[in-house]
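Participant: What follows is each chain in one-letter form.
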Amino acid sequence: MKELVGAVVLLNRMTGVFEPAEVFRELDHKNLDDFERLWKPVLKSRRDEFPSWAAAADANAQDSHWEWVEKAKDATRSLQYETFAVECGGETQGLMLVDVTKFGRVDGQQGRELAYIELLATAPWNRPKFVSTPRYKGVGRILLGTAISLSVELGFKGRIGLHSLPQSESWYRTEAGFTDGGYDSAKTMQYFEMTEAQAAACISDH
Amino acid sequence: MDRRQMTLMLSDKEMNLLDQLAERRGMSKTALLRQALRLYQSVTERIDNGEKVFVEHPATKDKTELMVL
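Taken in sequence, the protein lines are chains A and B. Here our numbering is used: position 117 in the first sequence is 117, and no number is missing along the way. Here our numbering is used: position 24 in the second sequence is 24, and no number is missing along the way.
One chain only, chain A, in its complex shape (with noise of 0.2 Å):
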């Protein structure tokens, strides 16, 4: 059942105002109807202006094709996954899923259990790349913060990974802190990783 984790802040580019926000565990009806409603058409339109999907990365456009209904209805039957979302204005800004069976790959915590980030994404409207006037900033560090804070609840000190799309590799390493894995080949990504002190600084600094 869809379950409050806390009110958070958001900055309103176009007014300069912060509105309040709130960030909730496990999604619902809303939430899924936000994404095929709002979300996917403009995404899907974005995507099929460029011919590859490289391309499209350049536009923010990559994760088009995410199917983020069927995977959260895998989530509410699974231990091993746990979905949140991000609300404000009355619409959906921001939406990730988390794999909570993954272990460490990086020096230092291999082997050692951690949240795995598999999908993580800011609603179009808010993408710099997107549109020419992004709506909110920080979705996408709110919800990092909330995966730290899911792994410190489930015993795993705030260790969490993901894979990279190409134009966010840049942010992830140099912006929000995370140790680059180097490029998994069987992805063909590129894989960051958070250690504990990593995180602790992550959440501290914001």
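If you're looking for bench data, these hints aren't it; they were derived computationally from the structure. Nothing here was measured: the structure is a model prediction, and the numbers come from that model. Beta carbons: idealized from backbone N, C-alpha and C, even for Gly. Warning: the hint list may mix true and false statements.
[What the hints assert, rightly or not] Here are the in silico distance ranges between beta carbons for each label pair: (1) B/Gln5 x A/Ser170: 44 to 50 Å; (2) B/Asn16 x A/Ser170: 30 to 36 Å; (3) A/Ala200 x B/Thr30: 18 to 24 Å; (4) B/Leu37 x A/Ala200: 50 to 56 Å; (5) B/Leu66 x A/Lys129: 53 to 59 Å; (6) B/Asp2 x A/Val69: 38 to 44 Å; (7) A/Glu3 x B/Lys61: 40 to 46 Å; (8) B/Phe54 x A/Val5: 33 to 39 Å; (9) B/Thr64 x A/Met14: 54 to 60 Å; (10) B/Gly50 x A/His29: 43 to 49 Å; (11) B/Leu18 x A/Val42: 46 to 52 Å.
[Stated by the list, open to error] Take a look, some chain A residues computed to stay more than 10 Å from chain B by CB distance: (12) Asn12; (13) Glu87; (14) Val100; (15) Gly155; (16) Phe156.
[What the hints assert, rightly or not] Simulated pairs of lysine-lysine, DSS-like, Cα-Cα distance not exceeding 27 Å: (17) B/Lys29 x A/Lys102; (18) B/Lys52 x A/Lys73; (19) A/Lys157 x B/Lys29; (20) B/Lys63 x A/Lys102; (21) A/Lys73 x A/Lys187; (22) A/Lys157 x B/Lys63; (23) A/Lys44 x A/Lys129; (24) A/Lys187 x B/Lys29; (25) A/Lys187 x B/Lys63; (26) B/Lys52 x A/Lys102; (27) A/Lys44 x A/Lys157; (28) A/Lys2 x B/Lys61.
With the hints as your guide, set chain B onto chain A.
Facilitator: Just chain B now, with coordinates in the frame of chain A:
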């Protein structure tokens, strides 16, 4: 999140193992048991879906299939 309580009786051997694993993994005993349940479900579902779960020796690369009865 709704919680339900149960009492778990463990043998000395089981409790000693739980203590050791919890210390080694740096987790509480409760967190470890919850994680064990998640992993058991994950492995069971994969096998139910026709997938095979292997353990690979790091040096020889020999693979042993994990069976869940």
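Participant: The structure should be examined with respect to each hint, and the outcome stated for every one.
Facilitator: Evaluated hints:
1. B/Gln5 x A/Ser170: 44 to 50 Å: holds, 47 Å
2. B/Asn16 x A/Ser170: 30 to 36 Å: violated, 48 Å
3. A/Ala200 x B/Thr30: 18 to 24 Å: holds, 22 Å
4. B/Leu37 x A/Ala200: 50 to 56 Å: violated, 28 Å
5. B/Leu66 x A/Lys129: 53 to 59 Å: violated, 44 Å
6. B/Asp2 x A/Val69: 38 to 44 Å: violated, 24 Å
7. A/Glu3 x B/Lys61: 40 to 46 Å: holds, 44 Å
8. B/Phe54 x A/Val5: 33 to 39 Å: With Cβ atoms ~36 Å apart, the hint holds.
9. B/Thr64 x A/Met14: 54 to 60 Å: With Cβ atoms ~58 Å apart, the hint holds.
10. B/Gly50 x A/His29: 43 to 49 Å: violated, 31 Å
11. B/Leu18 x A/Val42: 46 to 52 Å: At roughly 50 Å between Cβ atoms, A/Val42 and B/Leu18 fall inside 46 to 52 Å, so the hint holds.
12. Asn12: holds, 31 Å
13. Glu87: holds, 19 Å
14. Val100: violated, 6 Å
15. Gly155: violated, 3 Å
16. Phe156: The assertion about A/Phe156 is violated, with a minimum of 8 Å to chain B.
17. B/Lys29 x A/Lys102: holds, 19 Å
18. B/Lys52 x A/Lys73: Holds - the C-alpha atoms of A/Lys73 and B/Lys52 are around 24 Å apart, at most 27 Å.
19. A/Lys157 x B/Lys29: With a Cα-Cα distance of about 14 Å, the restraint between A/Lys157 and B/Lys29 holds, given a limit of 27 Å.
20. B/Lys63 x A/Lys102: Status holds; Cα separation ~20 Å.
21. A/Lys73 x A/Lys187: holds, 23 Å
22. A/Lys157 x B/Lys63: violated, 31 Å
23. A/Lys44 x A/Lys129: Given that 27 Å is the threshold and the Cα spacing comes to 15 Å, the pair holds.
24. A/Lys187 x B/Lys29: violated, 34 Å
25. A/Lys187 x B/Lys63: With a Cα-Cα distance of about 22 Å, the restraint between A/Lys187 and B/Lys63 holds, given a limit of 27 Å.
26. B/Lys52 x A/Lys102: holds, 17 Å
27. A/Lys44 x A/Lys157: Given that 27 Å is the threshold and the Cα spacing comes to 37 Å, the pair is violated.
28. A/Lys2 x B/Lys61: Status violated; Cα separation ~44 Å.
Of the numbered hints stated above, those contradicted by the structure are hints 2, 4, 5, 6, 10, 14, 15, 16, 22, 24, 27 and 28, listed in ascending order.
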